[in-house]
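Colleague: Input sequences plus hints: build the corresponding full structure.
The residues making up each chain are set out below.
2 protein chains.
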Amino acid sequence: MTLVVDDVRLAHAPDRRVSVVCDDGLIVAIEPAGTVPDAAADVERVDGHGALALPGLVDAHAHVDKTLYSGPWVPNPGVGTVAERIAHERRERERFGLPSEQYVSALVERMIANGTTRIRTHTDVDPGVGLRGIETVARVAERYRDLVTIEQVAFPQGGLISNPGTLELLERAVALGVPTIGGIDPAIVDRAPTVQLDALFDLAARTGCGIDIHLHEDGSLGAWEFEEIAVRTIAYDMAGRVVISHAFGIAHPPTQQRLIERLAEAGVALATAAVYDVPMPPLLALDAAGVTLACGSDGIRDLWGPFGNGDMLQRAMHVAYRNSVRTDRGLELALRAATSGGAQVLGVQHYGLDVGCVADLVLVDARNAAEAVASVPPRRVVVSRGRVVAVDGALVVDV
Amino acid sequence: MTLVVDDVRLAHAPDRRVSVVCDDGLIVAIEPAGTVPDAAADVERVDGHGALALPGLVDAHAHVDKTLYSGPWVPNPGVGTVAERIAHERRERERFGLPSEQYVSALVERMIANGTTRIRTHTDVDPGVGLRGIETVARVAERYRDLVTIEQVAFPQGGLISNPGTLELLERAVALGVPTIGGIDPAIVDRAPTVQLDALFDLAARTGCGIDIHLHEDGSLGAWEFEEIAVRTIAYDMAGRVVISHAFGIAHPPTQQRLIERLAEAGVALATAAVYDVPMPPLLALDAAGVTLACGSDGIRDLWGPFGNGDMLQRAMHVAYRNSVRTDRGLELALRAATSGGAQVLGVQHYGLDVGCVADLVLVDARNAAEAVASVPPRRVVVSRGRVVAVDGALVVDV
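The listed protein sequences derive, respectively, from chains H and U.
Sequential numbering of the first sequence, starting at 1, is according to the numbering used here.
Sequential numbering of the second sequence, starting at 1, is according to the numbering used here.
Worth double-checking, as some hints may not be accurate.
One-sided excerpt, in silico: chain U residues whose CB lies under 10 Å from chain H [said to hold, decoys possible]:
#1 P77
#2 G78
#3 V79
#4 V82
#5 M280
#6 G305
#7 P306
#8 N309
#9 R322
#10 D328
#11 R329
#12 N368
#13 A370
#14 S375
Stretches of chain H that chain U covers, calculated by requiring three or more beta carbons in the stretch to come under 8 Å of a beta carbon on chain U [as the list claims (entries may be wrong)]:
#15 70-78
#16 264-277
#17 370-381
Not close to chain H: a few residues of chain U, all C-beta gaps over 10 Å, as computed [unchecked claim]:
#18 V46
#19 A83
#20 E94
#21 A223
#22 N323
#23 R326
#24 V376
#25 D398
No lab work stands behind these hints, which were simulated from the structure alone.
Backbone N, C-alpha and C define an ideal beta-carbon position, used for all residues, glycine too.
Modeller: Here it is in structure tokens:
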């Protein structure tokens, strides 16, 4: 099927009005607006009315398995530490029927309607839930596969070394096709930092999977963990396949610049969610050093907290805001975290608004990318794999 | 005219479905839903379909005179300090036709459609712009007076003592009916902290106006300024009529608790905007001490920065987020900053969702106040002074 997206301005060249021709899910031509003739009957056209076209948004750090989205309002107890939040979730998740295919589906539909066409989601794996989360998310991913690509990280939320049986479950998840394994605060949660990291890198070496580690550890402890991860990334020749998520340690001023240089050397990327008041990766300094920064929703309305809506353009705004950037360039970098930075972390081929790329486009009313980030306009039209899948915030295709 | 808002749940009692009867701009009755009979022809009814009713939102700290809203996209140079931003604005405002009645009007319409029914806006006053900003905003305020109450602060953005002629302009503004005077970073901008504060309090004593001081000064300098303001508030018997806006100094841990106690003793309120990565007033500790916290938009799409949309429910979300609160109670306190906290700072009489209050209501799809803050739903219906003024994000009355 051919889709012509008429009269849009591409985010990287907002001064030209063009038509984007999509065929078999790819962008096959970009022509001056008004020059693509009305053709055969199997050509669908959508009029962009001069809207700005962003590439499909990439949510590089979600936890859709945890969500209560579309479910009951669950007051949060407001416990203070990561460890207490983990314990709270372990205690309560069964009671609320988590993981829930219904809630995950409702959330994924919202994410698509918000313009997200790629998701990396960290799914809890532990001896309690086993691989039920992985299986639940896999079913949802299969159901929505023509609209969004959902890839999972097998995530040892409750600890890896300190929670016997979890490492074996991670290995089983990888055997089932999960492409990436996660880690979590190797010092504070597992109290065995080098042991956890060695276990992760060994499993990756054996199976070929990638690694995406939650690191809430900050200050000098976080800085030390960064170094340990960089050392192993180089030793295991895993440049480009290791991500540090949250990465609070990078906000520690005394070691910030040295860490950034080490990340660049080792080929380790960062993913942030810019939630709450968490320490932020420095947008401009990371860009200057060539370190890839991705961005994600983190938890959305779950037992960890009540916030979130699966809107990656709003996430980009938070990344810019918390970095106190005001320039167009800064705003564009924040958008990059929610688009090509995420695509890079996910290893997406043929991503972007060029001929030959997968035809994922999001149309918004904004004069340029900077304004799109600063003002977070509604998503007028979402095109995924060359098909209009959402209009004005609602799905328009049957699933 | 009588308006019956049928079938809503009040934010402070979300488990009961009620009808709110408004007459002559006031709430005259609150009855169980379905029990208010269809009456005379001059009764308008609006069906809330079980929506949550919030009181009219209060933007207690805006700068509508500076806005470029609805105007051109102006890339921000990203200068680093408050002093540089002030200088940038002084240089550029004429070129962009600021203050602009057109832009101010467009922004005020957006604020109303977002559910704001009360605004305190700090209007630049200095020998360059004179009272043009005050007059511009006054014209807009007059035009929209049946939909929103806009009160001004005569604001010496460019300095008070260091900018000769400004104090006299403030006094003229008060003579014209402006109820409040502003101050700005008495140490860093004016380099004459006690002189600025004495000048403000003396003018207030002579004229009866209130005081609302911008304080970006942080750390021990900010803490010292807090104390100087508290001392004068007590000496001049101005409890309840002094506000410290932004108030970065309150985030300084070594002196935080002592300052909170002094603010409570002196009757000084705080206003925050929770913009960018600025230091945040501590929501829970202020509440525990009985210090009033209000919240505002700060600048919206102006020469200071590209962000902002005049959405006070989103502002409440940022206040909660930056305070890392997750409990219903914390979310409710954030909403209070954008509602009754602001109303208190503005000295509004008869504010709230009770019989006898001014009939300002905002209907949203949320189960309770906490969910409204966490999810920032669209504003379905805005009622101002007992009249439906906006539906689904657009004004429905002629102005």
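Colleague: Hint by hint, note whether the structure agrees.
Modeller: Structure-based check of each hint:
no.	hint	result
1	P77	7 Å, holds
2	G78	4 Å, holds
3	V79	9 Å, holds
4	V82	12 Å, violated
5	M280	7 Å, holds
6	G305	5 Å, holds
7	P306	4 Å, holds
8	N309	7 Å, holds
9	R322	5 Å, holds
10	D328	5 Å, holds
11	R329	8 Å, holds
12	N368	7 Å, holds
13	A370	7 Å, holds
14	S375	7 Å, holds
15	70-78	holds (count 5)
16	264-277	holds (count 3)
17	370-381	holds (count 5)
18	V46	23 Å, holds
19	A83	15 Å, holds
20	E94	21 Å, holds
21	A223	21 Å, holds
22	N323	7 Å, violated
23	R326	4 Å, violated
24	V376	8 Å, violated
25	D398	25 Å, holds
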